[in-house]
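Below are the chains, spelled out letter by letter.
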Amino acid sequence: MLSKVAERVYWAARYLERVESTARMLSIYDTLLFDLPRQVNLGWYNLIVINSLEQDFNERYSVQDERNVVKFLVGDDTNPSSIVTSLKAIRENIRTTRDVIPADTWELVNELSQYVQDHLQQGINRRDRHEFLGNVISACQQIIGLWQVNMPRDSAWEMLKLGQNLERADMTTRNLDAATAAIMQIEDDDFAVNSQQIIWGNVLRSLSADQPYRRAMRSSVKAPLVCSFLLTDQRFPRSVEYCLNHMIQGVKALPRAEKIIADIRKLHKTVTDRAEDSAPGPEMREALNDLQISLQYLHFSISRTWFLNDQEQLAVAQ
Amino acid sequence: MSINWKHYELQEGFYDELISSPGNPRVPARQLANYLNSLTEEEIQSRKLAAESTIKDMGVSFTVYSEGENIDRAWPFDIVPRIISAQQWEKTAAGLRQRLKALNMFIDDLYHEQNIIKDGVIPEFVLKQSKNYRPECEGVNPRFGVWAHICGTDLVRDGDGQFYVLEDNLRVPSGVSYMLENRSIMKRVLPEVFEKVSIAPVGDYPEALFNMLASLSPRQNGSPVVVVLTPGIFNSAYFEHAFLAQRMGAELVEGSDLVVGKDDCVYMKTISGLERVDVIYRRIDDMFLDPEVFEPESVLGVPGLMRAWRKGKVALANAPGAGVADDKVVYAYVPDIIRYYLNEEPLIPNVETYLCYDDKQREYVLDNLDKLVVKPANESGGYGMLVGPHSTKKEREQFAELIKANPRNYIAQPTLALSTAPTLVGRSKVEPRHLDLRPFILQGESTYVTTGGLTRVAMKKGSLVVNSSQGGGSKDTWIVDTSAGKA
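From first to last, the protein sequence lines are chains A and B.
The first sequence begins at 1 in the numbering used here and counts up one residue at a time.
The second sequence begins at 1001 in the numbering used here and counts up one residue at a time.
Please note that the accuracy of each hint is not assured.
[As the list claims (entries may be wrong)] Quick partial rundown of chain A residues pointing at chain B, CB under 7 Å, derived from the structure: (1) Met-1; (2) Leu-2; (3) Ser-3; (4) Lys-4; (5) Ala-6; (6) Thr-96; (7) Ala-253.
[As the list claims (entries may be wrong)] Stretch by stretch, here's where chain A covers chain B in the computed footprint (C-beta under 8 Å, at least three residues): (8) 1235 to 1246; (9) 1254 to 1263; (10) 1268 to 1280.
[What the hints assert, rightly or not] The following label-pair restraints were derived from C-beta to C-beta distances: (11) B:Asn-1034 <-> A:Gln-117: 22 to 32 Å; (12) A:Glu-286 <-> B:Arg-1219: 55 to 65 Å; (13) A:Tyr-115 <-> B:Gly-1159: 52 to 62 Å; (14) A:Lys-252 <-> B:Arg-1188: 40 to 50 Å; (15) B:Lys-1404 <-> A:Gln-114: 51 to 61 Å; (16) B:Pro-1296 <-> A:Gly-134: 51 to 61 Å; (17) A:Lys-252 <-> B:Arg-1219: 27 to 37 Å; (18) B:Phe-1144 <-> A:Gln-117: 27 to 37 Å; (19) B:Arg-1276 <-> A:Asp-77: 35 to 45 Å; (20) A:Glu-92 <-> B:Lys-1460: 52 to 62 Å; (21) B:Tyr-1364 <-> A:Asp-104: 51 to 61 Å; (22) B:Asn-1034 <-> A:Ala-253: 57 to 67 Å; (23) A:Arg-304 <-> B:Val-1121: 53 to 63 Å.
These are calculated hints, taken from the structure and not from any lab test.
Ideal Cβ placement from N, Cα and C applies to all residues, glycine included.
Based on the provided sequences and hints, a complete structural model is requested.
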């Protein structure tokens, strides 16, 4: 498999995952805000913080309100992670890798891009937003389903899974981080316990983890349990540990994977070590931040191993 | 109202591919004509819509290329096929083989002894002034002595029904994917006719292409690594590059995916590391192949590629420099080239051609600009041409100046009575439209000719320009065997 093709497939999967999680996050965020007591000062801008997009956002907008945040996350082509930009990146990557990805993907991605373009306004208005985001989520799931049932389990498949799992792990840490940050903002008053419940419940729903959490933990929503579930559950496909385990499983089928496997194992250990102490607070945030940086390094490592071929190129070309 | 062949308005002086006189289809077209006649207007309309939606279905994947300025895909498709009898095609195919064989011997000679010039068959300056002669290729010995492995030759029929060669495309000819797509559309649109008539299949081209490419491999052990080198997504023929790579099971690569090692071998960058490449089907022009040798600014090519090729570590198809025979002045000499190398008479004649560097011929051309078609020697795609009968006085004056300034660069040909074929116009009316034919010829260890080729049709009434870049369309091309009893 050509390195360039591998890289494009990997990114297509990452961006598709990003579109789906962005849509999911937006679609439940208003319910969170409706439920929180008015005294709790948590706004739409928090979504910008989750995705580390403060700088890009502030260059573009001065008012940090719902409309601007939603506009920025859905339809802004200057935002490198918006749904529109991500879809554009998916199309670019898919149209040059159609020989390794099921042919229908191309059509579905086109349809989705077209739908989003045609209904942007609907996504921004609060009244129609649910339907719009729901359609985006279903379209993403349709594409992932198509891959799941049709693709031979070859290198292209492993690259897709690798991109998907890495993006998922990253997204889960971001959600946890955002919740931790929000909890820390809440003043210790009569509303505090209730608000914490609402925020953690929201994190679970945002990751489609609500039901799995209740079944696995047999408990009501409690901060340490939610953190531990999202970091280390063995069966939930968006838990960080699940993603890492599946990355290890998958890359074993790829050539020259030794270093990557070692890197993931190291990451894995930091996660399990950390999960022992899952109380939300500044330490937790720091740990999540470290985890995100490690995931970023893992990406560099993947890129060096399979996409760039720099070393060999130097070796033969000189 | 259905199609009534008695009302088909044949044009005086033009050969029609399907109909010999009003109401009388030619033998190989008889079944088709009867069948079309049996359809009602609604049925014809629904077949036409079926074709359009098939194109769209396949085309969903092409729309993206037309977002830029891809013209090829906006190509209209006509559902009435063009039909040639198998007997006639056999002779034509033999002529095409003969032609490419001679052209390859010619190219090989030019980059070695140049005997054809020493023997006075071709004047030296024709070569010296050719834009596509590459001194960098002198002395190189490609396998089998073949330089032009893939050739797209444009054929036309004049009023007498005889095929003539209009031009040979030896650089990076395109269009073969449309030939294959047209056939799959027609199978869905007129399946009933396929049952009754024995139409020769065209689908083996990718297989033949792969076998030819594999035969060029410098390492003849087991399965050679073949790649298709494309300039990238923004090239108008990218669809075809991807299509052929996919059909052959070859990797589609861009210049940046390849690297030449210090061992002079070409490698592609894969997730397993570097993998040696044996054969490159390149769809990039010579000048962009290797920035070390040609256009230094080119980012499409691969530094060191020419070195690798010259040392015989990798095969390039077509070989660099093959375009020297893709020159309209050289074209005029092809009949002599065939006689010189093969000691045979050409099986397919050339269109009569006036060379403007010759004083007498130039004088004739300048006196008859209103009757002739003037073409620059090194252009393709129908650009920079003067079509005399359709030109204004000002255009003719401009061309007269151009010719006088650079006579070597111009040739002129009589305006051809391009043959016609019935083409659907409106809901169920057929009218004659002019067309040509581009078969594709392969040469490696052996030669291969496509069954028929790509028929391009000028969709505008009376127009003689069939190029896709100039508003042409296409038809499926049927080679029909009438001896087998099925037709």
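So, going through the hints one by one against the coordinates:
1. Met-1: holds (5 Å)
2. Leu-2: holds (6 Å)
3. Ser-3: holds (4 Å)
4. Lys-4: holds (5 Å)
5. Ala-6: holds (5 Å)
6. Thr-96: Constraint on Thr-96 (chain A) satisfied, holds at 6 Å.
7. Ala-253: Nearest chain B Cβ about 11 Å off; hint violated.
8. 1235 to 1246: Three-residue rule met by the segment 1235 to 1246 of chain B, so holds; n is 3.
9. 1254 to 1263: With 8 residues in contact (Cβ-Cβ under 8 Å with chain A), the coverage given for the segment 1254 to 1263 of chain B holds.
10. 1268 to 1280: holds (count 7)
11. B:Asn-1034 <-> A:Gln-117: 22 to 32 Å: violated (49 Å)
12. A:Glu-286 <-> B:Arg-1219: 55 to 65 Å: holds (56 Å)
13. A:Tyr-115 <-> B:Gly-1159: 52 to 62 Å: holds (54 Å)
14. A:Lys-252 <-> B:Arg-1188: 40 to 50 Å: Since the Cβ atoms of Lys-252 (chain A) and Arg-1188 (chain B) sit about 44 Å apart, the hinted range of 40 to 50 Å holds.
15. B:Lys-1404 <-> A:Gln-114: 51 to 61 Å: Since Lys-1404 (chain B) and Gln-114 (chain A) have Cβ atoms about 55 Å apart, the given range 51 to 61 Å holds.
16. B:Pro-1296 <-> A:Gly-134: 51 to 61 Å: With a Cβ separation near 54 Å, Pro-1296 (chain B) and Gly-134 (chain A) satisfy 51 to 61 Å, so the hint holds.
17. A:Lys-252 <-> B:Arg-1219: 27 to 37 Å: Cβ of Lys-252 (chain A) to Cβ of Arg-1219 (chain B): about 31 Å, so the range 27 to 37 Å holds.
18. B:Phe-1144 <-> A:Gln-117: 27 to 37 Å: Roughly 52 Å apart at Cβ, these two residues miss the hinted range, so it is violated.
19. B:Arg-1276 <-> A:Asp-77: 35 to 45 Å: holds (42 Å)
20. A:Glu-92 <-> B:Lys-1460: 52 to 62 Å: violated (36 Å)
21. B:Tyr-1364 <-> A:Asp-104: 51 to 61 Å: The hint (51 to 61 Å, Cβ to Cβ) holds, given that Tyr-1364 (chain B) and Asp-104 (chain A) are roughly 60 Å apart.
22. B:Asn-1034 <-> A:Ala-253: 57 to 67 Å: At roughly 58 Å between Cβ atoms, Ala-253 (chain A) and Asn-1034 (chain B) fall inside 57 to 67 Å, so the hint holds.
23. A:Arg-304 <-> B:Val-1121: 53 to 63 Å: holds (59 Å)
This entry does not satisfy hints 7, 11, 18, 20, going by the numbered hints stated previously.
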